[in-house]
Amino acid sequence: MTTKLLVGLDGHSSGERALAYGEGLAKLIGSCSLLVVYVIEWSPYSFQTAEENAQRHKRREEEIATAMSRVISPALETLKSKGIDAEGIVRHGNVADTLDALASSEKADQIIVGRAAESGLSQRIFGSSTANLVMQARVPVTVVG
Amino acid sequence: MTLKNVFFATSVALAALANPAMAQEAASLDARVNEAFATFTGPFVSLIFAPFPGTSFPWIVLWLVVAASVFTIYFGFVQFRFFGHAIGLVKGDYADPNDAGEVSHFQALATALSGTVGLGNIAGVAVAVGIGGPGATFWMILAGLLGMASKFTECTLGVKYRNEYPDGTVSGGPMYYMSKGFDELGLPGGKILAVLFSVFCILGALGGGNMFQANQAHAQITQITGDYPGWITGLIFAAVVFAVIVGGIKSIAKVTEKVVPFMGILYVGAAIVILIVNYDMIGWAFGQIFVGAFTGLGVAGGFVGALIQGFRRAAFSNEAGVGSAAIAHSAVRTKEPITEGFVSLLEPLIDTVVICTMTALVIVISQQLIIDPDTGNYMLNEAGNAIATVDGNSGVALTSAAFASGISWFPYVLSIAVVLFAFSTMISWSYYGLKSWTYLFGEGKASELIFKVIFCIFIVIGAAASLGPVIDFSDAAIFAMAVVNIFALYFLMKVVRKELASYVERLKSGEIKKFSH
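Chains as they are written, first to last, in my numbering: chain R, 1 to 145; chain C, 1 to 517.
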């Protein structure tokens, strides 16, 4: 029985710390694989012009390719060089909802994320993705400071 | 360049306001534009609105109503049977999480709505009620309900036969289902229909999607600022639209796309407030609407006049059967074209059955239309072509006065709403027109630029001309699109029925199911 850890990356240092923590945990567990996820913040309920809609598919492919090459691929390479079994996923959506949904569909045992990247006013109004995740996740969540 | 344009237009406007002689000259320029425009478009308008021989009933109105009724029956009242399913689709119940990031059903619907919700709902309804009386509202609602089936048909086809290019962009609309759909069925003439449709769509984009918007935006602004020549508003509008569609300043369009939905909600909210305050009159207003629908209550042309106005303005507002929505809806990402058909049928419901009815109720309740106390019928104005109003208002000014009688400061909000609606409708229609233009003349920077410049020039003409000729031309151009589009839909509707049958079967068998989110 392999343990699966889902690590949420954000392209910043807090995501890096989550990854480092996940890596350490994987080594301790032994038979363990990592699922590295990057969520592109996106809502199906936003408003767009007809022209934006016509080009949306193209833009989406570009966004996914960029996230793959800048965030996911480097992380996977590091992990593989250290002999850790890892996979990467890029998904559009709400960060908290998407991480939780992926953890359940991919049967991950735990989610590891960095602490809130948002600060100030926006956090007061919208809350933070990390806090939202902790409140609604169906599997244990580790928040790395 | 653009900023300079704005600056120039503003300074001319100020100079004209300050100098009466120049203002007069400018006013006569408006008159000349108006006269030339009316003469030029007259024959086209007469042809589209030609009555059946021996009656006063325009054949085009019957064309739209018959089509909407045929689609309603052919698809077994699809607008009622799949109403709940349409809501589920918009909510994203059936959206595959792996497709997140693509254009959602909600987004396609919102984009199409921002092209249709606008002046048709504010000014168009005032025109309908002002000429046809409250009874026009009844026919408008009926046209909206039937029109849902037309929308369903054209939008399903729009997605099914769209072009998907290797770079990932999409182009869809009637011209594509006409040419590709007819080929697939082995029918001749699809290409000819597509070309005809494109020509009319370009005219519609310049008319209803542009001149009517500029014209009514100007009318609304002068309500607040006092009278000044229309071409000045036209120049300012043209400069901003130019900045967006040619200059590629997306931020303006993006801001508009985000503000417009809130203006829509604000508009409906204000209407509801007025209705609540006058709750004791709602029953009476509905009474006027029902009685007027069958007797006309003394309006010009009697109940036939009410019916014609109702159907005309409904079609102009929700564009069902016109084909424009098929262009807007075709960008959605779905494996099932018919799902976009279901979603699109909500459009006439929101646009016409809800928003237009709100406007009509507020106008009737505000008693801006003068009733003869002796007969209980509406009194005609001096010209005898519309109902007399308290201040002689018509079009958007009538709606504005009606709202002002309930909420005194609302005309200011309405002005902002009208300008934004006009702007967002122009942006949407510039895209529809452009798609038709490139279908005819090929894609390419130079060809696109020519259309965009023509589009901006028509904004100025539209703002300068008077409402009568502009509204006639706008209607005529948009209905001309419907003539070609509906003709094609009759041949292609069996394709949609096959899609519907297959979809319903898979929905029942559980092959198509909700995703748990």
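Just so you know, the hints here were simulated from the structure itself, not pulled from any lab data. Everything numeric in this text was worked out from a predicted model, so none of it was measured. Built from N, CA and C at the ideal position, the CB exists for glycine as well. Any given hint could turn out to be false.
Straight-line C-alpha distance at most 27 angstroms; calculated BS3-like pairs for lysine-lysine [claimed, not checked]:
| id | chain 1 | residue 1 | chain 2 | residue 2 |
| --- | --- | --- | --- | --- |
| 1 | R | Lys27 | R | Lys82 |
| 2 | C | Lys498 | R | Lys58 |
| 3 | R | Lys58 | C | Lys508 |
| 4 | C | Lys445 | R | Lys58 |
| 5 | R | Lys58 | R | Lys4 |
| 6 | R | Lys4 | R | Lys27 |
| 7 | C | Lys508 | C | Lys498 |
| 8 | R | Lys107 | C | Lys452 |
| 9 | C | Lys91 | R | Lys58 |
| 10 | C | Lys513 | R | Lys107 |
| 11 | C | Lys180 | R | Lys58 |
| 12 | C | Lys258 | R | Lys58 |
| 13 | C | Lys452 | R | Lys58 |
| 14 | C | Lys91 | C | Lys258 |
| 15 | C | Lys514 | C | Lys191 |
| 16 | C | Lys335 | R | Lys58 |
Okay, the calculated bits of chain C under chain R, using three or more residues with CB under 8 angstroms as the criterion [what the hints assert, rightly or not]:
| id | region |
| --- | --- |
| 17 | 359-368 |
| 18 | 481-489 |
Against the structure, the hints come out as follows:
With a C-alpha separation of about 10 angstroms, the suggested pair R:Lys27 and R:Lys82 falls inside the 27 angstroms cut-off, and the hint holds. Taking the CA atoms of C:Lys498 and R:Lys58, the gap is near 30 angstroms; set against the 27 angstroms cutoff, the hint is violated. Note on R:Lys58 and C:Lys508: the hinted pairing is violated, with a Cα-Cα distance of about 34 angstroms set against a maximum of 27 angstroms. Taking the CA atoms of C:Lys445 and R:Lys58, the gap is about 20 angstroms. The hint holds against a cut of 27 angstroms.
For the suggested pair R:Lys58 and R:Lys4, the alpha carbons sit about 32 angstroms apart, so the restraint of at most 27 angstroms is broken. This hinted pair checks out: R:Lys4 and R:Lys27 have alpha carbons roughly 12 angstroms apart, not beyond 27 angstroms. Proposed proximity of C:Lys508 and C:Lys498 is supported: the alpha carbons are some 16 angstroms apart, at most 27 angstroms. Among the hinted pairs, R:Lys107 with C:Lys452 is inconsistent with the structure: their alpha-carbon atoms are about 53 angstroms apart, more than 27 angstroms.
Of the supplied pair hints, the one linking C:Lys91 and R:Lys58 holds, its CA atoms being roughly 24 angstroms apart against a limit of 27 angstroms. Using a Cα cut-off of 27 angstroms, the hinted pair C:Lys513 and R:Lys107 holds, with the two alpha carbons roughly 22 angstroms apart. Between C:Lys180 and R:Lys58 the CA atoms are separated by roughly 23 angstroms; this keeps the pair inside 27 angstroms, and the hint holds. Distance hint between C:Lys258 and R:Lys58 is fulfilled; the C-alpha atoms sit about 22 angstroms from each other, no more than 27 angstroms.
Our distance criterion of 27 angstroms between C-alpha atoms is met by C:Lys452 and R:Lys58, whose separation comes to about 24 angstroms. This hinted pair checks out: C:Lys91 and C:Lys258 have alpha carbons roughly 19 angstroms apart, not beyond 27 angstroms. At roughly 39 angstroms between alpha-carbon atoms, C:Lys514 and C:Lys191 are farther apart than 27 angstroms, so this suggested pair is violated. For the proposed pair C:Lys335 and R:Lys58, the alpha carbon gap of about 17 angstroms is at most 27 angstroms, so the pair holds.
Counting residues of the region 359-368 of chain C whose C-beta sits closer than 8 angstroms to any C-beta of chain R gives 0, which falls short of three, so the coverage hint is violated. Only when three residues or more bring their CB closer than 8 angstroms to a CB of chain R does the claim for the region 481-489 of chain C stand; here the count is 0, and the claim is violated.
Violation of the numbered hints given earlier is confined to hints 2, 3, 5, 8, 15, 17 and 18; the remaining hints are satisfied by the structure.
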